[in-house]
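Protein chains: 4
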Amino acid sequence: MAHPVVEFTSASSWAMIEDKFSDFGKETLAKLVQFVKDEVLPAERVAHAQIPTDPEQRWKVVIPVVQDLKVKAKKLGLWNLFLSKAHYPKYGVPLSNLEYAVMAEVLGRGGQMASEAVNCSAPDTGNMEVLARYGSPEQQKKWLEPLLNGEIRSAFSMTERFVSSSDATNIRTSIRQEGDEIVINGHKWWISGAGDPRCALHLVLGKSDPNNSDKYQQQSIVIVPSNAPGVKIVRPMKVFGYDDAPEGHCEVIYDNVRVPLSNLVLGWGKGFEIIQGRLGPGRIHHCMRSIGAAQMALDLMIQRVTDPSRKTFGKYLYQHGTVVADIAKSTAEIEGARLLVLSAAQQIDKFQAKGAMREIAIAKFVVPSMALQVVDRAIQAFGAEGVSQDQPISYAWAGLRTLRLADGPDAVHIQQVGQRELKRAPALTRRAAEIREKEKKLVEKYGLKGHL
Amino acid sequence: MAHPVVEFTSASSWAMIEDKFSDFGKETLAKLVQFVKDEVLPAERVAHAQIPTDPEQRWKVVIPVVQDLKVKAKKLGLWNLFLSKAHYPKYGVPLSNLEYAVMAEVLGRGGQMASEAVNCSAPDTGNMEVLARYGSPEQQKKWLEPLLNGEIRSAFSMTERFVSSSDATNIRTSIRQEGDEIVINGHKWWISGAGDPRCALHLVLGKSDPNNSDKYQQQSIVIVPSNAPGVKIVRPMKVFGYDDAPEGHCEVIYDNVRVPLSNLVLGWGKGFEIIQGRLGPGRIHHCMRSIGAAQMALDLMIQRVTDPSRKTFGKYLYQHGTVVADIAKSTAEIEGARLLVLSAAQQIDKFQAKGAMREIAIAKFVVPSMALQVVDRAIQAFGAEGVSQDQPISYAWAGLRTLRLADGPDAVHIQQVGQRELKRAPALTRRAAEIREKEKKLVEKYGLKGHL
Amino acid sequence: MAHPVVEFTSASSWAMIEDKFSDFGKETLAKLVQFVKDEVLPAERVAHAQIPTDPEQRWKVVIPVVQDLKVKAKKLGLWNLFLSKAHYPKYGVPLSNLEYAVMAEVLGRGGQMASEAVNCSAPDTGNMEVLARYGSPEQQKKWLEPLLNGEIRSAFSMTERFVSSSDATNIRTSIRQEGDEIVINGHKWWISGAGDPRCALHLVLGKSDPNNSDKYQQQSIVIVPSNAPGVKIVRPMKVFGYDDAPEGHCEVIYDNVRVPLSNLVLGWGKGFEIIQGRLGPGRIHHCMRSIGAAQMALDLMIQRVTDPSRKTFGKYLYQHGTVVADIAKSTAEIEGARLLVLSAAQQIDKFQAKGAMREIAIAKFVVPSMALQVVDRAIQAFGAEGVSQDQPISYAWAGLRTLRLADGPDAVHIQQVGQRELKRAPALTRRAAEIREKEKKLVEKYGLKGHL
Amino acid sequence: MAHPVVEFTSASSWAMIEDKFSDFGKETLAKLVQFVKDEVLPAERVAHAQIPTDPEQRWKVVIPVVQDLKVKAKKLGLWNLFLSKAHYPKYGVPLSNLEYAVMAEVLGRGGQMASEAVNCSAPDTGNMEVLARYGSPEQQKKWLEPLLNGEIRSAFSMTERFVSSSDATNIRTSIRQEGDEIVINGHKWWISGAGDPRCALHLVLGKSDPNNSDKYQQQSIVIVPSNAPGVKIVRPMKVFGYDDAPEGHCEVIYDNVRVPLSNLVLGWGKGFEIIQGRLGPGRIHHCMRSIGAAQMALDLMIQRVTDPSRKTFGKYLYQHGTVVADIAKSTAEIEGARLLVLSAAQQIDKFQAKGAMREIAIAKFVVPSMALQVVDRAIQAFGAEGVSQDQPISYAWAGLRTLRLADGPDAVHIQQVGQRELKRAPALTRRAAEIREKEKKLVEKYGLKGHL
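Listed in order, the protein sequences are those of chains A, B, C and D.
Residue numbering for the first sequence follows the numbering used here, beginning at 1 and increasing consecutively.
Residue numbering for the second sequence follows the numbering used here, beginning at 1 and increasing consecutively.
Residue numbering for the third sequence follows the numbering used here, beginning at 1 and increasing consecutively.
Residue numbering for the fourth sequence follows the numbering used here, beginning at 1 and increasing consecutively.
Do not rely on the hints blindly, as some may be mistaken.
One copy or two, either will do: identical chains are not told apart, so a pair holds if it fits within one copy or between any two.
As the list claims (entries may be wrong) - Straight-line alpha carbon distances no greater than 25 Å define the calculated BS3-like cross-link-like pairs of lysine-lysine that follow: (1) Lys-26 x Lys-350; (2) Lys-142 x Lys-70; (3) Lys-270 x Lys-31; (4) Lys-142 x Lys-90; (5) Lys-270 x Lys-215; (6) Lys-142 x Lys-270.
Read the hints as simulated data drawn from the structure, not as lab findings.
Only a predicted model underlies this, so the values are computations on that prediction, with no experimental measurement involved.
Bound conformation, chain A alone:
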C-alpha cells in the first residue's frame, strides 16, 4: 500500500526517496500526515480568528488552538523533527535532513502554525541549532531546553535598518565588553518573532572588534533576554499589509542593553562563523515548506476550476482559456522544484551543508519564484476572492515573496551558483584540448587534412 504521504506529495518523487527512509522516518511521516490532516488544517482559520483585531491586543495573545495542538503533537512524538541526531547527538531526533524535508513539505500546507505545532518554526529552529552546537552548558540549560520544550520562543537579530546588512561587514550594532558585562547598542529591524509575548531571548549579532583586519572576525553574537532594560520594540514591519501578529517582524532598538559576559555565544569574533552555519539547512526548510504551499495552492485551484457553482457562460472554469495548461505547468514546476530540494537535502545528509552549497543555492533561488508563480495562477483562478482574507493563498503569496529576499536575496544565490560553475572552466578546457588532440589523429587517419 502506498505511504499516506503520497496524498500530499507525488507518487514519483516518493518513489525516488522511499528507500532512503528508515522505518522510524516512515512511521513518523505517516503520523505527521495524519496530524496535519486531522488536527492542523481544521485549526487554520480558527487560529486566525483567535488573533484579536485590536492593534494593541494582537501582540499579547498566545493562540489557544495552537497551544492545544502543541500538546497533542508532543504527545505523538511529533516534536523538534528538524533537529537531526546525526548532527546534534545530544538533543536531536533520529531523522535525516531528507526525511525532515518531506515532513517540512507536509507542514508547508498548513502555514506557520503547522510548524509551530510541532516546535519546528523559524526562527526558533535556527536558534536551537546555534545553541545546540555552540552554546555553553549553562546557555543550553537556561535557553535551549525551554526552547526545545516549546515553553519559550526566540528571535534572531541580524538585519539592520539604514544599511545593507546582507553584507555582514556593514553591520553597525556595537557589542563591547565593560567589566564583566557586555553592552549592546544597535538599531535592527525585521526581527521575526520579537513581537511574541513568549519571546524570551534575542540572539543579537553586532560588531565587537570593528577594526579587526579579518573582516569575518569583527562580529560576535550575544544572548539578550527580551525583557532586559533598553530592549525597545519600535513597531512591527508589515509585509504587504500583513503584520504577522503575534510574532511579527519588529523594528528593535538596543539602547545600552547590558548582559552578563556569560551570554556571549561561542567566543569573541565568532559571529560570522555562527551565522554561516545557521543559514544552510534552514534555507532548505523554507524551500520545502514552500513546495507544500505551492501544492496547497494548486490543489485549491483544481477544486475551484472544477466547481460547478463557478461556471461562466455555461462552462466550467477549467474549460476556459489556458487554465488546464496553467495547471499542467504548475504540476511540472512543483515536481521539478521538489526533486531539487530533496536532492539538496540528501546532499546535506551526505556532505554536510558545506558540501551541499551548490544544491542549497539552486533550491534557494528556484523554489520561491516557482511557488510564487503557482500561487499567483491560483489567485487568478479564484478571482478577487484570491487576493482576499477568505483564501489562504493571498497570505501565502506575501510570505513566499519575502523568501526571495530573506537569507540572501535571489541575486546572491544566483551569482554564487554561476561563479561556482565558472570554476569548472579549466577542467572543461583541458578535456576539450584532449579531444582536439585525438581528433587530429583521426583527421590524419582518415586523410581529412584541410576538411575541418
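Dock chains B, C and D against chain A, hints included.
Coordinates of chains B, C and D only, in the frame set by chain A:
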C-alpha cells in the same frame, strides 16, 4: 523647451502625441504636473498617517490633507479631467481621451489620493459617466452634480459573492417593482468605496426580469442611497492584508431595500447596456495610472541602486548581478506599454470605445502584468524594505494585482483579442489564394513546373 | 571515489540514484563514459567531414568513422543498451530504464552519432522494441536480428502529408489484403532514416479497416522492405536548412507496394496498440539525450565566457551583463529537468510505461523547452559563431526544436498532464469537506461562532 | 477610406502616425503595398526555386525573377526608399525615417528579396549611406552611383575571426600605406553579400594606426574591389544550415591586397566615426522588417489554426490548448514592438540618430526577441512542417535569430539603456529631496510629528 510632462514620462512617447494636444490640453497638463509635484507627492505619506489605525475609526475619517488638496485642485481648474466634452457636452471638460490618458499617467505616480484630489477617482468616474449619459434630469441634479462637485462619493455594486458574476447572467440580486417602489435583495462584495463616510449612493445591478429570453435584457440598475434601510455593510474585503480604508471594498447585503421608482436608471432591462458602456474608457484610465505607478517604481529603484549608503561588498547595488539589465527591461516594457495605451486612447477618440475594443483589450491584459513585473523588480532592489509599509511599492503592487482581475480577468481580454484576430482568417486565406494564383503564372513563365 | 559519470552529469543527481544501479549498470556506465570521451567526441567533426557536400552523394555514404566506432563499441559490450532485459527477456540487456536514462544523457553529448555507435539510435530503437515484442519468429529472424546486430537500419512510417496525423484517425494510407499479399498506398513524410543507404525496412502504419466502429481498431502496421517496387523517396525534409544526411527525414510515397501477408505485424487492426506501446520509453530517451545536449552547450558556454582571447573592453565575457546569471539559471534548469527525467525512468521501471504516463508527459513538455533555452543562451555567448557550422550548438538547437513537435506536440502533453490533475478534484473536494467538518467542531469548542 | 497599408499593419498604429506622412509618403506607401502583394509575394518561392542546389553553382546565379522585380520597382519609383533626402540632400528621396519605417515593415513580409527588389537591402543600404555621406566625388561616381542604380552590390567587412570584434579595439586587420598604395591584410568572416557574383566592392575596416593613444582613432576604412588580387573568399558561413546563397555571409582573407590611396574613405583614423554613423538607422530598418516578418508569421498561424483540413479529434486547431491565447499575446507583442520602432524612427527624424540612441537601443533588444517568439509560436502551430523548407517561418526564424547578435548583441543594447537610465539618478534624488522638504512642512502643519 520641452513640456514639463517629459520629466514624468518619456520624451519619445511625448513626441509621438504632442501634436494631438490642444493648447488647453498642454496647459492643463503642465499645471497638473506642477500640482502633483508640489502638492500631491509631498502629501502622500501624510495622508496615510492621517488614517487612524483603530479598526473602527479607520472607516470614519475624511482625510484632511486630501480635502485640502481638492480645494486647491478645483481652484486650479484641475477637476473632472476624465469627462471628455466630446462625449459629454453638458458636463465635460474640453479634453480628449488621449489628453486625459497622459494626465492619468501623471496621477498614477501619486496613488489613489492623486486621482481623488482632482475628482477623477474610481468608482466615481464611471458612475458620473453613467449618470451623465443615462441619468434623468432629476437623478443628475440630485446625484451627479454633488459628485461632479466632489461633495459626495459613490459605489458601483455589481460583483456578487458565491457566484461568478463576471458572467452577468449569473447575477442573483433581485430588483423588482412593488407599487411605486423598487425592492432590492442581494449579496454583493468588492463594492469599492462603500466604506467611505461620504459615500452617498450605490448604483446597484440586479435582475429585474430573470426569465427574459434575451439574457442581456434581464438586468437593471437602480440608485440606492447608502443610508437606505436594509443596506448593510458586512465587512471590508482585504487585498493582501490591506483594507484600503476609508474607501474599502466592502461586502454589502441589500435586505429588502426600498427606493422610489424614479431611482431606476435609463429603464427596465437596461443594466447590461449600461455596464458595457461604463467599462471601456475606465479600463484605459486604470492602465494609464498603472504606467505611472510602474514608472514611479522604476524611478525609486534607480535611486536605490545608485545610493552610496547601500553599497555591499564595496560595490553599488547596480554593479551587482542583473540590476542594470532589469532596469533596461523595465524601461523598455514601460515604454512599449505606454505607447499601447496612448494608441488605445487615441482610438477611443477616433472611433468611440466600441471601435477601440481591440486596443482596450490589449492594454487591459498587457499593462497590469507589465507594471507588476516592474514593481516586483523594484521591490527586489529594495530588499525587505520593499515589501513593507515604508515604501509605496508594496502597496502599489497589491493594487496592481487586483487589476488583473477587476473589470474582467486577463483571460477574458486575451480570449477576446485572440478571437477577434481569428476573424481575419477568411481575408488572409483569400489573399493567400490570390498570391498562389499569381505564383502559378510565374512558375509557368520561368519554366519551373515541378520545382515548387 | 566518485563514479566517472559525475564529470558528465551532476554529483547530486548521481547521489539520488546511485543505489538504484546494479554493479553491471555501474560498470557499463563507466565504460560508456570512457568510450564517449575517448572515441566518440573526437570523431564528431570527423564524421561531419566525411559526409559529401554534393546533394546527391550525401545520401549514399556510410560514414567510415561511425562504422569503426560501432565495431569498437560492440567489442566493449556497449551495444543495444536501451533494450531492458526486464521487458525483453530474449533480446534485452540487464539494464533498467533508469540505468539507460543516465547512459542516454552521456550519449546526448555526442549527437546522433554517439547513439548510432552503440546501436541505440532512433528510429531503430523503437522498431526493435516493436519487433521484439510483437514480431513473429520469422519477422524477428529476418529483420530484428540484423537490426540488433547493427547490420541494417530501419524507418518508422507514420506521419502523413496534408493531414494532421497526430490524430491517428486522420491517417489516410491504405493497407489492404489482396489474396496472400498486402497492398499499401499512401503519402508520408518526415520518415526519419528513410534516406540511409542501409535502411532495409519501413514499418508502415495505415488504415486496414477504415469503417471499423472502434476507431482504434482501424489501423495496421506492415513491414515494407525499402527496396520493394513502389517505394518512392520523394525528397528529404529539411530542419532549419539541415537535411540530416545520410539518414534524413524523407517524404515517401507508397504506390501500390505489395508485400507478403506474413509482413503484417501482430495482426489486423493492431496498429494503434503497437504505436501506443512504442512511444512511451522512447520519449524519455529523447529527453535524456536532450539533457546531455543542454549540458554540453552549457559546458561550451562556460569555456567561451572564460576564454581570455574573447575579452572585450578589458573584461572577460562572463564579467559583462547577465552572463553569470544565465549560467546559474541554466545550471538550475538542467538539474531540475534531469531529476524529472530520472524520476520518470524510475517510474517506468516500477510501473511500466503505462504507470508512468504522468511523469513521461511532464518530461516531454519540460525538457525540450528547457534545453532549447539553455542552448540559446550558449549561442548568444558565442556570438555569430554560435549559429554557424563551427559550433555544434546551432545543429543541436535545430534538433531539439523538433522535439517540441515530434511524438506529440507540447500542447498534447500539457493537456494530458492538466486533465490528469483535474481528476484529483473529487478526492480534494472530499478532503476539504472533512476538514470543514472538523473545523466546525473547533469553532464550537472555542466559542467562535460567527467569527469565521 | 482606410489606407491600403492597414491590411499589412494595424489600424491603430497607422492612426498614430498618419498625420506625420506627407502626401508623397502616403502615395509611395500605397504603391509599395500593391507591389509587394502583386509582385513580390507571388515571386518568393519562385526565387528560391531559381537558386541551384549544386554547392558551387549556387554562388554564381543572379536570380531571374528578382532581376525582373527590380526593373518593375524602379519604373514605379519604388527605389532607394531608405535614403532620406533630409539627411542626404543630393541622392536621397523625400521620405522621412518614419515613413520608411512603415515601408520596411511592408518589405519585411517578403524576406530579403523584397528589400532587394526596391534596392533597399543590407549591406548595400549602409554602404550607400557611408559613400553618400563620406565618399569623395570620385568614389561616389565610381561606386555609389552603380549601387544606387542597383547595378552592382557590395559588402561591409568588419567582423573578424578569432577575436571579439564587437569591441572595435580588438580589430587585427592591418591597413597601411605603402607609397601611393594601401596594403590590406586581415581575416574576416560573416561578410554578408561577399558571395554574390555582383558584389563589386568591400568596405574594409582595419587598423591603420594601432598605437594611437586615442583608441577610436586607430581604425580606417578603405574600398577594396572584390576582384582585387589577394581577396580570397574562404567559405560561406552557415546560419543554422542555411548558406543564404547567392549572397552569403563569407569568411574572407585579405592577403596583401593593394588598392590606390584614393580608396581611403573620409581619411586616416576615421574608421570608428564612420561605423558609428552607419549603424544607427540601419538597426531600425532591421527592426521594422522584423515586425513585418512577425506579422507574416502570425497571419500564417491564423490561417493554419482555422484550416478545416487540419482538424484533430473533431476540433479546429484553434480550439485546442492555448492557441487563442498565443495568438492574442503575439498580437499584443507585435503591436507594442511596432509602436516602439515607429517612435524610434520619429526620434531619428527629430533629433538624428544620436538623439535617438535610447529608442534605437530599446528597439534593437526588444524587437528581434519578440519576433522570434511570435515566429516560434507559428512554427509550433504548423507542426513539423513549420521547421521545414515548405514554410517561410523556419527561414525567417533563423534570420531573426542572427539579429540578436548582429550590430551588437542584445547585451550591449540592454546595458546601454540601463546605464543611460542610471544617469537620471541625480535628478530623481533631487526631486525626492524637494518632496521630502515639502512633506516636512505638511507634517508640521497637520501636527503629525513622530507619525511618519
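Okay, the hints, checked on the actual structure:
Proximity of Lys-26 and Lys-350 under a CA criterion of 25 Å is satisfied in both settings, with 19 Å inside one chain copy and 20 Å between copies. Proximity of Lys-142 to Lys-70 under the C-alpha cut-off of 25 Å is restricted to the intra-copy arrangement: shortest distance 21 Å within a copy versus 60 Å between copies. Within a single copy, Lys-270 and Lys-31 get their C-alpha atoms no closer than 39 Å, and across copies no closer than 48 Å, so neither meets the 25 Å cut-off. In this assembly of identical chains, Lys-142 and Lys-90 lie within 25 Å of each other by CA distance solely inside one copy; the values are 16 Å within and 69 Å between copies.
In the homo-oligomer, the alpha carbons of Lys-270 and Lys-215 lie at most 25 Å apart inside one protomer (11 Å), although the nearest pairing across protomers, at 51 Å, exceeds that limit. Proximity of Lys-142 to Lys-270 under the C-alpha cut-off of 25 Å is restricted to the intra-copy arrangement: shortest distance 21 Å within a copy versus 73 Å between copies.
Of the hints listed earlier, the one the structure fails to meet is number 3.
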